[in-house]
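A.B. asks: Each chain is listed here by its residues.
Protein chains: 2
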Amino acid sequence: MSKVRVHISSSLDGYVAGPNQTQEEPLGEGGERLHDWLVALKEWRELSGMDGGEENVSSAVVAEEYANVGAEIMGRGKFGPATRGPWGDDPWRGWWGDRPPFHKPVFVLTHHEREPLTLSDTTFTFVTDGIESALEQARDAAGDKDVFIGGGADVINQYLAAGLVDELELHVAPILLGGGARLFDNVGPNLKLELLRTIEAPGVAHLKYRVVT
Amino acid sequence: MSKVRVHISSSLDGYVAGPNQTQEEPLGEGGERLHDWLVALKEWRELSGMDGGEENVSSAVVAEEYANVGAEIMGRGKFGPATRGPWGDDPWRGWWGDRPPFHKPVFVLTHHEREPLTLSDTTFTFVTDGIESALEQARDAAGDKDVFIGGGADVINQYLAAGLVDELELHVAPILLGGGARLFDNVGPNLKLELLRTIEAPGVAHLKYRVVT
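Here the protein sequences come in this chain order: G and C. For the first sequence, this note's numbering assigns the number 1 to the initial residue and increments by one for each residue that follows. For the second sequence, this note's numbering assigns the number 1 to the initial residue and increments by one for each residue that follows.
The shape of chain G in the complex, shown without the other chains (with noise of 0.2 angstroms):
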């Protein structure tokens, strides 16, 4: 059976993106932070199309969180741009150019219809009637592969508290934002949990856990 997964960076203050998130800083004051432990990695940007990096602890953790991944769902914080709003007469395209780094179907959550937009072998489909909508479109996508609950944060409480993901892993950043996107907000006590594993990396904590049902 494929799985619901979330793979997250977060601060140690539980913020996965910085305040005032703009056009300029997308991730917010402080957020590029979060991301230090990966960007670094070879893994991380081979697909991005980049040569280089580093192999570490890390590499295994973000291989095996990238396998098996057959469609992503994100809000539209996300695949921006950061004025949100209607998409006007040039929309927008994401932040990542004419080759985006996921290379599989995404789902992106939005109030504003759109048509599919497809850029290299990346499809962004705009879904308007709502989360569980979403995830029955990228399931189908998926095939038997997982689905992957991209963020930002919204989007991810939002998922936690229908009780659709079956995996979470926070990538836990050794940094406080001070504020921001906060994950867990709303989700509420009543999400049971069970701690499958930590792992030490550079500048970096992998926690992750199967959501019990």
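Among the clues, some could well be false.
Because identical chains cannot be distinguished in the list, a pair is counted as satisfied if it fits within a single copy or across any two copies.
Said to hold, decoys possible - Straight-line Cα separation of at most 25 angstroms, DMTMM-like style, residue types lysine to aspartate or glutamate; simulated pairs:
| # | residue 1 | residue 2 |
| --- | --- | --- |
| 1 | Lys-192 | Glu-169 |
| 2 | Lys-192 | Glu-54 |
| 3 | Lys-42 | Asp-144 |
| 4 | Lys-145 | Glu-24 |
| 5 | Lys-192 | Asp-154 |
| 6 | Lys-104 | Glu-43 |
| 7 | Lys-104 | Asp-121 |
| 8 | Lys-192 | Glu-32 |
Honestly, the hints are just simulated from the structure, not real lab data.
Given chain G, put chain C in place with the hints provided.
C.D. replies: Showing chain C alone in chain G's frame:
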């Protein structure tokens, strides 16, 4: 040089006590679950004057946490009672009975003056002139040993924000509390941390940090 150390159990959503702390539920709704991993241990039971308990990977973590501590600082909330306010004619003597589990000098931050209270081998000294004064008194009492900041969240956050903590260990329980006393509130983004280690144990992930000055 002796250290100022914080070791505290936290929920995955960053709370060290649940919502609605009362005299009956001093750790708030669901807050007792934060310590399920701890109260099962032989080390904790010994310190509390009880027999039995198990030994597992957490045992060494707890032994290290308890070792070389010469004094503890705690907030009025941890000492109690839940109602706070002036001490009155028949003042509260703590949650722990005649044999408190501290076995060392304890400094209680409070707005209300009170004479020291000795119970068995623990003396509680009540400090009304702020966190720096409490730390100075605790350092004097501890000698070459470390000072333990015992919580709650408010007190820990004040010491973190003031840059007075050397080491911080979170015992992350695999639970959400959905509200309550939140670690890192108002500590802000400027605290620099270095991950020292992660340890995976039954029902808890231990994350230990050094504060970089």
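A.B. asks: All hints, please: hold or fail.
C.D. replies: Hints versus structure:
no. : hint              : result
1   : Lys-192 x Glu-169 : both (14 angstroms within a copy, 23 angstroms between copies)
2   : Lys-192 x Glu-54  : between (36 angstroms within a copy, 24 angstroms between copies)
3   : Lys-42 x Asp-144  : neither (27 angstroms within a copy, 46 angstroms between copies)
4   : Lys-145 x Glu-24  : neither (34 angstroms within a copy, 48 angstroms between copies)
5   : Lys-192 x Asp-154 : within (19 angstroms within a copy, 27 angstroms between copies)
6   : Lys-104 x Glu-43  : within (17 angstroms within a copy, 51 angstroms between copies)
7   : Lys-104 x Asp-121 : within (7 angstroms within a copy, 64 angstroms between copies)
8   : Lys-192 x Glu-32  : between (30 angstroms within a copy, 15 angstroms between copies)
Of the numbered hints stated above, those contradicted by the structure are hints 3, 4, listed in ascending order.
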